[in-house]
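**Q** The residues making up each chain are set out below.
There are 2 protein chains.
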Amino acid sequence: MARNGTLIQQVMAHVRAGMASRSYLPGTRLPSVRQQAGLLGMSVSTVVEAYERLAAEGLVVARPGAGFYVNGPVAPLALLELGPKLDRVVDPLWVSRQSLESAQTTLRPGCGWLPPDWMFEEGIRRALRAQARGPLAELTEYATPLGSPGLRQLLARRMAATGIEVSPEQVMLTESGTQAIDLVCRFLLKPGDKVLVDDPCYFNFHALLKAHQVQAVGVPYTQQGPDVQLFDKALQEHQPRLYITNAGIHNPTGAALSPLVAHRLLKLVESSDLVIVEDDIFADFENQHAPRLAAFDGLARVIQIGSFSKTISASVRCGYLAARPEWIEGLVDLKLATTFGAGRLAQDIILKTLTDSGYRKHMDLVRQRLAENMEKVAQRLRKLRVEPALMPQSGMFLWCRLPQGADAAAVAKACLQEGVVLAPGNSFSQSQSAGDYVRFNVSQCADERVFAVLARALNQATASR
Amino acid sequence: MARNGTLIQQVMAHVRAGMASRSYLPGTRLPSVRQQAGLLGMSVSTVVEAYERLAAEGLVVARPGAGFYVNGPVAPLALLELGPKLDRVVDPLWVSRQSLESAQTTLRPGCGWLPPDWMFEEGIRRALRAQARGPLAELTEYATPLGSPGLRQLLARRMAATGIEVSPEQVMLTESGTQAIDLVCRFLLKPGDKVLVDDPCYFNFHALLKAHQVQAVGVPYTQQGPDVQLFDKALQEHQPRLYITNAGIHNPTGAALSPLVAHRLLKLVESSDLVIVEDDIFADFENQHAPRLAAFDGLARVIQIGSFSKTISASVRCGYLAARPEWIEGLVDLKLATTFGAGRLAQDIILKTLTDSGYRKHMDLVRQRLAENMEKVAQRLRKLRVEPALMPQSGMFLWCRLPQGADAAAVAKACLQEGVVLAPGNSFSQSQSAGDYVRFNVSQCADERVFAVLARALNQATASR
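Listed in order, the protein sequences are those of chains A and B. The numbering of the first sequence is the UniProt record's numbering, which starts it at 1 and goes up by one. The numbering of the second sequence is the UniProt record's numbering, which starts it at 1 and goes up by one.
Bear in mind the hints are in silico, worked out from the structure with no lab data behind them. Take these hints with a grain of salt, some might be off.
Claimed, not checked - Calculated pairs, PhoX-like style, for lysine-lysine (alpha carbon to alpha carbon, straight line, at most 20 Å):
| hint | chain 1 | residue 1 | chain 2 | residue 2 |
| --- | --- | --- | --- | --- |
| 1 | B | Lys210 | B | Lys194 |
| 2 | B | Lys383 | B | Lys361 |
| 3 | B | Lys233 | B | Lys267 |
| 4 | A | Lys210 | A | Lys194 |
| 5 | A | Lys210 | A | Lys267 |
| 6 | A | Lys210 | A | Lys190 |
| 7 | A | Lys190 | B | Lys194 |
| 8 | A | Lys194 | B | Lys210 |
| 9 | A | Lys210 | B | Lys190 |
| 10 | A | Lys233 | A | Lys267 |
| 11 | B | Lys267 | A | Lys190 |
| 12 | B | Lys233 | B | Lys194 |
| 13 | B | Lys190 | A | Lys190 |
Said to hold, decoys possible - A partial selection of chain B residues facing chain A, derived with a Cβ cut-off under 7 Å:
| hint | residue |
| --- | --- |
| 14 | Tyr142 |
| 15 | Arg317 |
| 16 | Gly343 |
Stated by the list, open to error - Far from chain A, some chain B residues (derived; all Cβ distances over 12 Å):
| hint | residue |
| --- | --- |
| 17 | Val44 |
| 18 | Gln224 |
| 19 | His238 |
| 20 | Pro291 |
| 21 | Ser307 |
| 22 | Gln379 |
| 23 | Ala461 |
Being a predicted model, the structure only gives us computed values, none of them experimental. Just so you know, even glycine gets a beta-carbon here, dropped at the ideal spot from N, CA and C.
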């Protein structure tokens, strides 16, 4: 088989070379299987398999009864795909695009996820192997409209552990946490509506709200949660329909909601028809448990959403939302209409990984490692006069102020030239008042180059001022 | 390990029984690991592993330094989840909901996909196993904004084989074909816009357009494609922004676009700003190649979309769109804002399965099997005076007229009572003029019960008239 495999590769290489040298022109027929076997001194079955593989790759086309034909030319991948776009304006999607587009050699202290070697490798591989042996229907059939009952039941139990009472039927699985918020926006908002966000907040909330043509209203975020007085003022002034925020660990500041602020905030909104979306994506990173608005409110006006892209995998897409029962039917219809359901395979892999008895231990280690890195990175940054606004209790983010006069967008652009993606403050700020802040992901700062490149960019920025 | 595994299961069963009998009450602490080991005569490590697994399942909660606590109660899955909702109104989502919600014992001649045992089982399992051994980054990291370069290159080659010249950079991967159309709608439409659809057409187009609050305008579909005269009339009268249609095999009728109609249609729209979305999801089912609007038009105003949910898996979510280069950037931004990218794992599995040299042979067999079933099912239906409107050249759908006087919605509701999900004609019809039509999926009619139940429902329907 190995030997035969090599022969097949030889035939494939021969055909590819013929196409490259244009001795096999696009649209023309390849030598018949028998002819080719004779020409190359190979068996007919070897040539058949080589042609089939070339057909599977789309390089040739099989025409039943007529033979194999060279496929038309295809433009090569252009160079611009290989690197980030240096000239893109720093808009809400700037950090996402730079982080997602950059090559493996790029350093990404600006991205919002852990490096691959921090992830629960054995658990994911084990889940995939089990999946490969599992029932066929799991591998080929659609999920049910709500999604995997087993995973929804587990999520209900996890929520119960944070004080949120919820039945599995109030839980709907989605492709991602972002899709869950998107569906809520589609369900509740119309163009021109107003939506409260934290200032600063996760930059993709801005991009998402822009896509919905609604107006985002920023409320300054303090170390204990949103500024309650300014929240009240925004509530009176704008009659917002929705407030989107993080549960537990706040992105980008690393702050956590206090019980007092949570209680006051829910009292303030009592007489309004505001709905709150609480994004609990960082739950498993918490060292100390912060209160959940969904727990205080009993999912009356709070919708909780979450996903596993930070803790298990961003490659296996799976998110969820939990909401009051009457809203679920409409949300399911909307999900079916716009994506025809979420991925069953992804749901099954996430369930297997979450219920792997190694998962909790793995996350214990991750939290410990993050805490150590948090200290180390803060020290390194302080030496560059980059000052953390607070020292978070948990999570991966450190929200820092640059030395006076340094503009974060300019520093980020300079760093990008040297292959380091930063997350400049104004990507997160509705009021654009965080121009001298940068969010650092402490799990992505292991390489010395991060600090060397940053130091150079800062020197340049403060010198040219 | 096997023996140890059994002991762990015993401890877990013991704790579960204690919770069920309420000797371990919610919120209380379980006996310490050491105590429990003594009580049950097991080793401490066995009890630790059992407690960890119960924690992973969410039944107990580990509090570091304090022990393991029984988690709060969780409502059980309600019964209504186990079966389809019999009283739901027959709306555009009726068929999807009934097909997706129904138990494994339900027969589904109304659904739009192949049974699991028709799928490329070895190929999918092989791809999953390879994936489980693959690079870690593929298993944990986000996809690039456009999606897997390898899969986009393969798709560009596949499109080249149908006459569509496209660079891999004009191809964006999505979570599903439906999501691809949804993104196009978000990109091009505003509430109140008008959109042409075939009458009849895939029912989810109606649901999707409703979600976008745009007005669908139906154009009767003939055996050669849309009725050109009525298409022209609708174009003049409504100035639609978009036309959404199938490429190749039409859903639900099984008809195919003729080159003549394709050419006329593109001439008609020359002076308009209409954009056409051509859904090529059934491409690999074609026995004879129908023309593609995208090929005639060179992707100037046509956007081609597709997915692999019918041919490879509906559990592994992956779709794509191909469009003119200037539109791609905006569509990528919209995708990131609303779902933060599509699943890398799914893309890699689809690429591996499509390039498996067995895939083409598998699809040859599927097409042959479909052709045989098409004949057989048509014969069976004719005996019940259910008449195919045409005999399709390819695909899984047979669009049939019921005996005079039978109302398809009523027949579908009667069949559902006996565990058979049908697809009644008006789910597909904008003008609601297909009340005596039903779409049959010939791959889902192997069970005799389909015809027995249908016969009873028809007798009832025609008798009660």
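**Q** Does each hint hold? Answer for all of them.
**A** For each hint, the structure was consulted:
no., hint, verdict
1, B:Lys210 <-> B:Lys194, "holds (11 Å)"
2, B:Lys383 <-> B:Lys361, "violated (34 Å)"
3, B:Lys233 <-> B:Lys267, "holds (14 Å)"
4, A:Lys210 <-> A:Lys194, "holds (11 Å)"
5, A:Lys210 <-> A:Lys267, "violated (29 Å)"
6, A:Lys210 <-> A:Lys190, "holds (12 Å)"
7, A:Lys190 <-> B:Lys194, "holds (19 Å)"
8, A:Lys194 <-> B:Lys210, "violated (23 Å)"
9, A:Lys210 <-> B:Lys190, "holds (14 Å)"
10, A:Lys233 <-> A:Lys267, "holds (14 Å)"
11, B:Lys267 <-> A:Lys190, "violated (37 Å)"
12, B:Lys233 <-> B:Lys194, "holds (14 Å)"
13, B:Lys190 <-> A:Lys190, "holds (11 Å)"
14, Tyr142, "holds (4 Å)"
15, Arg317, "holds (4 Å)"
16, Gly343, "holds (4 Å)"
17, Val44, "holds (15 Å)"
18, Gln224, "holds (24 Å)"
19, His238, "holds (22 Å)"
20, Pro291, "holds (16 Å)"
21, Ser307, "violated (9 Å)"
22, Gln379, "holds (26 Å)"
23, Ala461, "holds (28 Å)"
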